[in-house]
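**Q** Based on these hints, arrange chain B on the given structure of chain A.
These protein sequence lines map, in sequence, to chains A and B. Going by the working numbering, the first residue of the first sequence is number 1, and it counts up by one from there. Going by the working numbering, the first residue of the second sequence is number 1, and it counts up by one from there.
One should not assume that every hint holds.
[Said to hold, decoys possible] Computed from the model, here is a short list of chain A residues facing chain B with C-beta under 7 Å:
1. Gly35
2. Pro140
3. Thr141
4. Tyr239
5. Ala245
6. Glu259
No lab work stands behind these hints: they were computed from the structure. Virtual Cβ for every residue (Gly too), placed ideally from N, Cα, C.
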Amino acid sequence: MVASIGEISAPAGRRRAARQNGGALGLALVAPAFGLMILLILLPACRSLLGTIFPDGAALPSLKSYQTFFADTRSVSNLLFTIQVTVVTLAILLTIGLTLALYLRFSQSRFVGAIQIIALFPLFVPGIVISFALIRFIGPTGLVATTLHVLGISGYQTPYLHPSGAIIGLVWENIPLTIMLLTAGLAQISNSSIEAARDVGAGWFRILSQIILPQLTRSIVVAASLNFLGIFGSFTVPYILGPAAPQMMSIFMQNTFSERHDSGVAETQAAVTFLVCLLVGVIYTACVFRDTARNGKAG
Amino acid sequence: MTTEISRRIFLQSAAASVTLPFFVSGVHAADRTVIDVMTDGDTNVTDWWTNTLAPMFEKANPDLSLNVVITRANGSNDVVGQRVVAAMQAKTDPKVDYFEEFDPRRVPGAAESGAFEPVDTKKIPNLALVNPGSIEIPQDIPYRASQVLLAYNSAVVSPQDVPKTWADLIAWIKGHPGQFIYCRPDKGGSGAYMVTRAIHEVNNRDFSLFKADNFDADVAKKRFAGAWDILKDIEPYLYDKGSYPAGNNPTLQLFAGGAVSMITAWSDQSLQGISQGALPDTTKLAQLQDLPFCGGYAFSSIPSQAAHKDAAFKLANFMLTPPVQEQMLKDFGAFPSIEWSNLSPDLAAKYKDVVSTKMPSFPGGQWSAALNDGWYSNVATHTVRG
Chain A
1 MVASIGEISA PAGRRRAARQ NGGALGLALV APAFGLMILL ILLPACRSLL GTIFPDGAAL
61 PSLKSYQTFF ADTRSVSNLL FTIQVTVVTL AILLTIGLTL ALYLRFSQSR FVGAIQIIAL
121 FPLFVPGIVI SFALIRFIGP TGLVATTLHV LGISGYQTPY LHPSGAIIGL VWENIPLTIM
181 LLTAGLAQIS NSSIEAARDV GAGWFRILSQ IILPQLTRSI VVAASLNFLG IFGSFTVPYI
241 LGPAAPQMMS IFMQNTFSER HDSGVAETQA AVTFLVCLLV GVIYTACVFR DTARNGKAG
Chain B
1 MTTEISRRIF LQSAAASVTL PFFVSGVHAA DRTVIDVMTD GDTNVTDWWT NTLAPMFEKA
61 NPDLSLNVVI TRANGSNDVV GQRVVAAMQA KTDPKVDYFE EFDPRRVPGA AESGAFEPVD
121 TKKIPNLALV NPGSIEIPQD IPYRASQVLL AYNSAVVSPQ DVPKTWADLI AWIKGHPGQF
181 IYCRPDKGGS GAYMVTRAIH EVNNRDFSLF KADNFDADVA KKRFAGAWDI LKDIEPYLYD
241 KGSYPAGNNP TLQLFAGGAV SMITAWSDQS LQGISQGALP DTTKLAQLQD LPFCGGYAFS
301 SIPSQAAHKD AAFKLANFML TPPVQEQMLK DFGAFPSIEW SNLSPDLAAK YKDVVSTKMP
361 SFPGGQWSAA LNDGWYSNVA THTVRG
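The following block holds chain A by itself, in its conformation from the complex (with noise of 0.2 Å):
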């Protein structure tokens, strides 16, 4: 906003000749990190990459150890496990993440501080921590099976050791991070715009679909793909309170890495998953990238 004032005052040959020098000198500042992305980051995955097609020096380049992968059911049912275990629990995410979200910008209850402050917690508590608190909490002799007993409740399932019990650590670890940025998402929604629409008689519903969430589709873009890449790669909390089998894919390949010392499956095993996460990476980007376009055109 404060570029846009500066736009209107300044004539235009100097505010070009501004831009420029200021690009160079951002460019510069940029260099150094740009450059120890490429080195540590971009070179190691594309050799990683080039090594599944070209597999020991092979002149021609062979799909074979992808096709290796998709032939072997415990690969298969691996990688379907981690996409569903990581969109249930995208979905529970956003759910919690949306109406906490909403609940700590328009409400005017003195409690709202109080909830700010626990849910963000979880963001100080290591994962393995929480992960062992959990299985006393959620465990088949933990607080919530006592609980109900006490209550006369029988017949409960422990989640612990079951796909639900990761998806229950993910989506408490991951809490903060969804809040944090659907709570700035919704604090750029001016109030006048509501109050301009509640004057019309908008009822609460038409105000959530038609005045909030269009303005909010950005924050949830960027809240989904931030969550789908860390819990496609999550490895502490469903290590230890998923199930044995299926595994995520993070787990899987540290096994065929360290265990089976089986290197080059595991890199066919990091590829897929790095495939994966690019599709998403390729949303979120795009959807950053759009939004500044249309922001730099506005300005």
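**A** Showing chain B alone in chain A's frame:
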């Protein structure tokens, strides 16, 4: 003025802290030979060495003292072991006199390098008391052991039902659905050795078939196949129809909470759990009598270039005396490496259910990698359950 005072206080406290050790120790430090001991064991082991063993040893040997160095956070004894090999090549003092636990085979080439002292009963007389099967290479000093066994809740399992053989165990599991569990074999030895026991069972209980240097993928497949059938067969009768926990501790946790009434567990972890109250006092231990579960020894070793080698021999000999072996058993559940017949009859009687004359083993490396992979491919294959 303030700087004056703080400087004075600083000088006084510095002087006090320098002289403090002389007051505390009583004996002048220069009169004692200090044995540098490297340990990377778990906290229970390192605490015991620092707080229990060191005073015991120093009381028995007033001219010697122990400097227990915990290397857990600094790359463990493997790194120190590499340094010892390097010191051997440079013919210098490795600054290490004793490894609490280091098998030279942990660092490739270390055993052959001559950097570690081969020991015998001349150097360490009490080696004569040690279980003869436990010494695999002459540089190893087996000083404690631990073995996987069955832990059960005696409030639920009646004494006559406690399994004594593998067949008993399978029958008990099938007769008590949901009451037994073992952990994933790659996440904890207590689970791995349950799987290993099944493998031994289908190979005429001949554990000598599996050696560190005779791995063959096809042979492994053939010898493991029967075990997968057994383990897959009992899966529906396990806790939560086969919800395998991710390690020794989560398994003990399920047991302690009463979710299951029998598990496979490490001897030291369960004995310590019982004595500290982490496991219910109705917890009892048992060992299979037809062929026990696998176990292993902790090996001490002494660098051949150590500056205080004679003192290190004395320490090794002290570790193998019956009182020290009994103390370890009482304090942190470590099984003795010397024969049980050397311990007090009361103690031997107390542990008679878990004592076994045999300690089968299963090689690490490729064999156990094949075991883990086979287990995931053949046993824990269930599709997603809620």
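**Q** Next, verify each hint and record whether it holds.
**A** Results of checking the hints against the structure:
Restraint check, Gly35 (chain A) versus chain B: the minimum CB separation of about 31 Å is more than 7 Å; hint violated. Interface restraint check: Pro140 (chain A) against chain B, minimum CB-CB distance 4 Å, threshold 7 Å, status holds. Among the interface hints, the one on Thr141 (chain A) holds; its C-beta lies about 4 Å from the nearest C-beta in chain B, closer than the 7 Å criterion. With a least beta-carbon distance of about 6 Å to chain B, the hint placing Tyr239 (chain A) at the interface is held under the 7 Å criterion.
Because the smallest distance between the Cβ of Ala245 (chain A) and any Cβ of chain B comes to about 4 Å, under 7 Å, the interface hint for this residue holds. Annotation: interface hint on Glu259 (chain A) holds; nearest CB of chain B at approximately 5 Å, less than 7 Å.
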